[in-house]
Amino acid sequence: MSRGFQGAVLKAMGAPEFRLQVVSTALECGGLMKRVSFISPDALPESLFEPAAWVRLWFPAGAGREVQRRYTIAGYAQDRSRVDVSFYLHQTSGPAASWALHVRAGSELIANVAGSQPFAVDERCKGVVLLGDETAFPAIRAIVDSLPERVHAYVMLTGTHDLTGFIESNERVSVWYAPTQKALHAFGKLVEKLQIGSAEPGAWHCWAAGESSMMRAIRISIRHAESLQKGDAHVQGYWARRKMLGR
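With full-length UniProt numbering applied, the sequence shown corresponds to residues 1 to 247, in that order.
Hints may contain errors.
Distance windows between CB atoms, simulated [what the hints assert, rightly or not]:
{"#": "1", "residue 1": "150", "residue 2": "19", "range": "15 to 23 Å"}
{"#": "2", "residue 1": "170", "residue 2": "105", "range": "32 to 40 Å"}
{"#": "3", "residue 1": "62", "residue 2": "27", "range": "22 to 30 Å"}
{"#": "4", "residue 1": "79", "residue 2": "188", "range": "39 to 47 Å"}
{"#": "5", "residue 1": "216", "residue 2": "105", "range": "16 to 24 Å"}
{"#": "6", "residue 1": "217", "residue 2": "165", "range": "40 to 48 Å"}
{"#": "7", "residue 1": "16", "residue 2": "170", "range": "14 to 22 Å"}
{"#": "8", "residue 1": "81", "residue 2": "60", "range": "21 to 29 Å"}
{"#": "9", "residue 1": "189", "residue 2": "16", "range": "40 to 48 Å"}
In case anyone wonders, no lab produced these hints; they're calculated from the structure.
For every residue, glycine included, the Cβ atom is placed at its ideal position computed from N, Cα and C.
Go ahead and model the full structure; you've got the sequences and the hints to work with.
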């Protein structure tokens, strides 16, 4: 099948390619997502097992074409023989969500690894602020699971559905929901409350992902937080209205 320009670039880069075979599926988060478990007849790249790693998956798109989408690794077997990916089923007309909606055990996908960087905080970090909608939820959940015990996570979930019940709150993880129209204001208030802008460099990390126009506003809101040095903030648009971009 044709993979177009993206496929040509990945091939030129020498991005590792491998096959993934579905072994099981399960609905999660009240049926809003489907967790798909994969094994591979090929060796799985070590980078898939890093915190909040993501993989490039190729989905059939009709007319002999395939399209690429990026998805966070939601979990993996202790012996690293299996990886799990969670698909948000909100856009069943898209090739990735449509595939996930109808997939059965035995189905296969081609995957690439290129560009994924592990989420990490340095020893000075005392807290992480995480913001995202349903499309970013698997990544946020993976980041929370990867954090050292000494780091407090402030998790703000937004979007159409309240998924706070699917991340456990405890003494080091605070989770709440802000509707889309209120999320930007709530995020600004949180940054102000935690005094992130005046903190020591390296004390805080910020990670945000979701709809592109909201992410542009988030970038602006943290631009003047001097304590957030290069590498301490990651803000990425996963999708735009009427078009899916990311994981």
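For each hint, the structure was consulted:
For the hinted restraint 15 to 23 Å between residue 150 and residue 19, the CB-CB distance of approximately 40 Å leaves it violated. Taking the beta carbon of each, residue 170 and residue 105 are about 35 Å apart, inside 32 to 40 Å as hinted. The hint said 22 to 30 Å for the Cβ distance between residue 62 and residue 27, and at roughly 26 Å that hint holds. At about 44 Å, the CB distance of residue 79 to residue 188 agrees with the hint of 39 to 47 Å.
Roughly 40 Å separates the CB atoms of residue 216 and residue 105, a value that falls outside the hinted 16 to 24 Å. Distance hint for residue 217 and residue 165: a CB-CB separation of about 27 Å, inconsistent with the stated range 40 to 48 Å. At about 37 Å, the CB distance of residue 16 to residue 170 disagrees with the hint of 14 to 22 Å. Distance hint for residue 81 and residue 60: a CB-CB separation of about 26 Å, consistent with the stated range 21 to 29 Å.
Checking the proposed 40 to 48 Å range against residue 189 and residue 16 shows it holds: the Cβ atoms sit about 43 Å from each other.
The structure shown violates the earlier hints numbered 1, 5, 6, 7.
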